[in-house]
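Peer 1: Please arrange chain B on chain A, whose structure you already have, making use of the hints.
There are 2 protein chains.
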Amino acid sequence: MNKLLIVGTVAFDAIETPFGKTDKILGGAGTYIGLSASFFHLKPAIVSVVGDDFPQEYLDMMEKKGIDISAIEVVKGGKTFFWSGKYHNDLNSRDTLVTELNTLADFQPKVPENFKDAEVVMLGNLHPLVQASVLDQMTVKPKLVVLDTMNFWMDCALEELHAVMKRIDVITINDEEARQLSGEYSLVKAAAKIHTMGPKYVVIKKGEHGALLFHDKDVFFAPALPLEEVFDPTGAGDTFAGGFAGYLAQSENISFKNTKNAIIYGSNLASFCVEKFGTERMENLTREEAVERLKKFRALTQFEIELE
Amino acid sequence: MNKLLIVGTVAFDAIETPFGKTDKILGGAGTYIGLSASFFHLKPAIVSVVGDDFPQEYLDMMEKKGIDISAIEVVKGGKTFFWSGKYHNDLNSRDTLVTELNTLADFQPKVPENFKDAEVVMLGNLHPLVQASVLDQMTVKPKLVVLDTMNFWMDCALEELHAVMKRIDVITINDEEARQLSGEYSLVKAAAKIHTMGPKYVVIKKGEHGALLFHDKDVFFAPALPLEEVFDPTGAGDTFAGGFAGYLAQSENISFKNTKNAIIYGSNLASFCVEKFGTERMENLTREEAVERLKKFRALTQFEIELE
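The listed protein sequences derive, respectively, from chains A and B. Per my numbering, the first sequence starts with residue 87, numbered consecutively. Per my numbering, the second sequence starts with residue 87, numbered consecutively.
One chain only, chain A, in its complex shape (with noise of 0.2 Å):
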């Protein structure tokens, strides 16, 4: 079984919808992704850091999906990196209301020795030296890394995250991020300028309108699946990285038609992370539901043509 080592943040978040308002509730990119993750067959584990107000039941929870939470830190008399934001009516945009740090401020990940040899990294969006740090600690070069950011590094850690980027194969970025990044409004030569800074894969998250991969010349695109309520959509990208980055941990081949595939099991996980509060809906997902869904999207996306 391969190994999986997601490095994100575990975390509260307090989040408020059109719908509802939670308190504090478990969230972090980490956790989405891991949760997604354990949809596979592989040994995935969370490098992270919680304060001790941490409730144990997540922590458990996790493992029980078979998550390795070994290296979740738990820092005495730290606190747990705190998010709260509200959405806007049409759930596209967001509000962020409260980011306390906590012990994430000082966070510097500890790879655990039976994971320095993980054959996929996926780092979670986080300051590109600490996601570099990760790999340096690696003692056996990893067959994928895959990279998750957001324009707050292109804002004030450009110089540290093209260092990064040139050290990953798959970028996973949302489409404003990839023009930010770029400089190009169109996202076919967004990719094509992003690819020369490292990455050889360039996804683009385009949230409730899909997401497009680009490979050389190639380009494929997944949407999302049209749903009669988006509940929440926190950690929907998580989900959908997780996804991408256990597919191909699992399948252990990462050629262009197999990385399609990745796309299309992020997109199905991330249909579901939206439908419920927080991660709801990912602990009670299951692999039946999951196998159904697919079809969905199959019967969404696939028709004949005959071309002469």
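Keep in mind that the hints were calculated from the coordinates and are not lab data. Honestly, I wouldn't trust all of these hints.
A pair counts as met if it fits within one copy or between any two copies, since identical chains are not told apart.
Quick list of in silico lysine-lysine cross-link-like pairs, BS3-like style, CA-CA up to 30 Å [as the list claims (entries may be wrong)]:
{"no.": "1", "residue 1": "K292", "residue 2": "K381"}
{"no.": "2", "residue 1": "K162", "residue 2": "K275"}
{"no.": "3", "residue 1": "K381", "residue 2": "K279"}
{"no.": "4", "residue 1": "K292", "residue 2": "K343"}
{"no.": "5", "residue 1": "K362", "residue 2": "K303"}
{"no.": "6", "residue 1": "K303", "residue 2": "K162"}
{"no.": "7", "residue 1": "K252", "residue 2": "K151"}
{"no.": "8", "residue 1": "K202", "residue 2": "K286"}
{"no.": "9", "residue 1": "K107", "residue 2": "K275"}
{"no.": "10", "residue 1": "K107", "residue 2": "K89"}
{"no.": "11", "residue 1": "K381", "residue 2": "K275"}
{"no.": "12", "residue 1": "K343", "residue 2": "K172"}
{"no.": "13", "residue 1": "K275", "residue 2": "K362"}
{"no.": "14", "residue 1": "K150", "residue 2": "K279"}
{"no.": "15", "residue 1": "K196", "residue 2": "K303"}
{"no.": "16", "residue 1": "K162", "residue 2": "K229"}
{"no.": "17", "residue 1": "K107", "residue 2": "K279"}
{"no.": "18", "residue 1": "K292", "residue 2": "K172"}
{"no.": "19", "residue 1": "K110", "residue 2": "K229"}
{"no.": "20", "residue 1": "K202", "residue 2": "K303"}
{"no.": "21", "residue 1": "K279", "residue 2": "K382"}
{"no.": "22", "residue 1": "K279", "residue 2": "K196"}
{"no.": "23", "residue 1": "K89", "residue 2": "K172"}
{"no.": "24", "residue 1": "K279", "residue 2": "K362"}
{"no.": "25", "residue 1": "K151", "residue 2": "K129"}
Peer 2: Only chain B this time, still in chain A's reference frame:
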């Protein structure tokens, strides 16, 4: 060969985009629909009106494409409908600078005798009463009626729009219009409500984000082809509709499976339309180019996942 009756504007447009601006050039929904439909094996006719300021060469060009122009009325001393617009930098929105209805103000479409039994009718975006008057003139019930409309008619002729919607098979509208017409934000819910207003097929156009096809419980999605440059979006929606209706008129099969193909053909043709100002690209497009790009659409969207 099946007949496709098209009702829509034949007009002058003056367009400004971030890439340049045009003088008065050929435009109009009927024009774009006709040019797009002319790629299929069928007999298309456009019912419209122009003034005697309308250049004969435009009419000649359409006739050369195999379009029956005998029902494009030329009003002596009249002026042709003129629209001018300026696109914003992202090309997703635009301001209308000028709308001169001219001869269109009194347009009373007259369906030519030999098209009163057309198998397919494409009602371009016009007053719902004008659209209805075309259906009134049919002596044989068409096998398929496709209607395009816009928010303007929802604002000022909603009752008439509802009346004509009861007589059609397919409606094509954009996402915002679907929300306005249904009062639902979710496009899945919006389509379900619009179904109950008449059309069994609901096509929701999302511009650069593709198009959705709803039919009973089935949904199909076609992306817009990611392009290096979108030069001028004018007419893309009408080109899409013309390709959609043209393919269905040619194949005479309105199963869901075949209607999915129609969505792909429409999206394919629309992807060319935006590459040049106005109708230029559609006038010069060859069948070979169109077939070649269909292969790109297939590569963009098709995947193979084995499900247990």
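Peer 1: If a hint holds in the structure, say so; if it does not, say that too.
Peer 2: Verification of the supplied hints:
In the homo-oligomer, the alpha carbons of K292 and K381 lie at most 30 Å apart both inside one protomer (22 Å) and across protomers (24 Å), since each shortest distance falls under that limit. In this assembly of identical chains, the alpha carbons of K162 and K275 never lie at most 30 Å apart, being 48 Å within a copy and 49 Å across copies at closest. Proximity of K381 to K279 under the C-alpha cut-off of 30 Å is restricted to the inter-copy arrangement: shortest distance 25 Å between copies versus 35 Å within a copy. For the identical chains of this complex, K292 and K343 are neighbours both inside a copy (21 Å) and across copies (27 Å), given an alpha-carbon limit of 30 Å.
Only between protomers do K362 and K303 lie at most 30 Å apart by alpha-carbon distance; the minimum there is 23 Å, versus 37 Å within a single protomer. Taking CA atoms no more than 30 Å apart as the test, K303 paired with K162 passes in neither setting, with 51 Å inside one copy and 53 Å between copies. With identical chains, the CA atoms of K252 and K151 are never at most 30 Å apart, being 33 Å at best within one copy and 52 Å at best between copies. Within a single copy, K202 and K286 get their C-alpha atoms as close as 23 Å, which meets the 30 Å cut-off; across copies the closest is 57 Å, which misses it.
Taking CA atoms no more than 30 Å apart as the test, K107 paired with K275 passes between copies only; the shortest distance there is 23 Å, against 39 Å inside one copy. Taking CA atoms no more than 30 Å apart as the test, K107 paired with K89 passes in neither setting, with 36 Å inside one copy and 56 Å between copies. Within a single copy, K381 and K275 get their C-alpha atoms only as close as 32 Å, which misses the 30 Å cut-off; across copies the closest is 21 Å, which meets it. In this assembly of identical chains, K343 and K172 lie within 30 Å of each other by CA distance neither inside one copy nor across copies; the values are 38 Å within and 41 Å between.
Taking the shortest alpha-carbon separations for K275 and K362, only the inter-copy value of 18 Å comes in at or below 30 Å, while the best intra-copy value is 36 Å. When the C-alpha separation of K150 and K279 is checked against a cutoff of 30 Å, the pair qualifies neither within a copy, at 42 Å, nor between copies, at 43 Å. Taking the shortest alpha-carbon separations for K196 and K303, neither the intra-copy value of 38 Å nor the inter-copy value of 49 Å comes in at or below 30 Å. In this homomeric assembly, K162 and K229 never come within 30 Å of each other (Cα to Cα): the closest approach is 35 Å inside a single copy and 73 Å across copies.
For the homomeric pair K107 and K279, the shortest alpha-carbon distance between copies (28 Å) is at most 30 Å, but the shortest distance inside one copy (40 Å) is not. Taking the shortest alpha-carbon separations for K292 and K172, both the intra-copy value of 19 Å and the inter-copy value of 26 Å come in at or below 30 Å. Taking the shortest Cα distances, K110 and K229 never come within 30 Å of each other, neither inside one copy (37 Å) nor across copies (57 Å). Taking the closest pair of Cα atoms, K202 and K303 never come within 30 Å of each other, the shortest separation being 33 Å inside a single copy and 48 Å across copies.
In this homomeric assembly, K279 and K382 come within 30 Å of each other (Cα to Cα) only across copies, at 21 Å, whereas the closest approach inside a single copy is 34 Å. Taking the closest pair of Cα atoms, K279 and K196 never come within 30 Å of each other, the shortest separation being 33 Å inside a single copy and 54 Å across copies. Within a single copy, K89 and K172 get their C-alpha atoms no closer than 36 Å, and across copies no closer than 54 Å, so neither meets the 30 Å cut-off. Taking CA atoms no more than 30 Å apart as the test, K279 paired with K362 passes between copies only; the shortest distance there is 24 Å, against 37 Å inside one copy.
For the identical chains of this complex, K151 and K129 are intra-copy neighbours only, at 10 Å inside a copy versus 61 Å across copies, given an alpha-carbon limit of 30 Å.
Consistency note: the structure conflicts with the earlier hints numbered 2, 6, 7, 10, 12, 14, 15, 16, 19, 20, 22 and 23.
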